[in-house]
Amino acid sequence: EVYPKDFIGGLGSHNQPMLSAEANITGFDVTGQVGDETINTTAFTVNLGVTSATVLTALEPTITVSAGATINPLSGVAQDFSTNKVYTVTAEGGNSQNWTVTIINYSNVATLSDLKVDGTTVTDFLSTTYDYIVELPYGTTVTPTVTVTENSNGTSVIVPATDITSSTAADRTTTVTVTSQDGTVTQD
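With the sequence shown counted from 1, adding 138 to any position gets you my numbering.
Some clues are possibly wrong.
Derived CB-CB ranges, DEER-like [what the hints assert, rightly or not]:
{"#": "1", "residue 1": "Lys254", "residue 2": "Thr324", "range": "37 to 43 Å"}
{"#": "2", "residue 1": "Asn233", "residue 2": "Val193", "range": "48 to 54 Å"}
{"#": "3", "residue 1": "Thr311", "residue 2": "Thr179", "range": "45 to 51 Å"}
{"#": "4", "residue 1": "Thr202", "residue 2": "Val272", "range": "49 to 55 Å"}
No lab work stands behind these hints: they were computed from the structure.
The C-beta atom is built at its ideal place from N, Cα and C for all residues, glycine as well.
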């Protein structure tokens, strides 16, 4: 007969590998996802956003877990994420951990709630108005500072005027481009 190394009186080998106790979700992706998921291995949560058009009631997530672990419900099985979903990850060693997954629809609104030139809100500002003419005091040679506040956690890019003393309108124009939180709508 062949016995494992360190076989002692029928007790078997003492060189058996330790089974992993890690029960983590290491990746979580769905169709329509915007950006990376946030995985918190202390609170055992996964948070992510999807486009405003993504239907939350039948998403099929692709989930990765710790080496040797399993997950329930299984990866690739459609779930209703209109409310938080709890997944149980069972480690190779048999211990398990519940994880709460939250998926939200990000906004597709690409508007501003404020537009300021040198710290003063533009006269007659409305979030639905996209073009403004701001007259600067005679003799101004320094491009004014334009600041914005986005609605719905969008992002904005401000391209300042290149030469406010130029006779060319494009040189005297500052452009603000606002992108919605879900990245699907852009407005200049």
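task = Hint by hint, work out which the structure violates, then give me just those numbers in ascending order.
result = Checked against the structure, the hints that fail are numbers 1 and 2, while the rest are satisfied.
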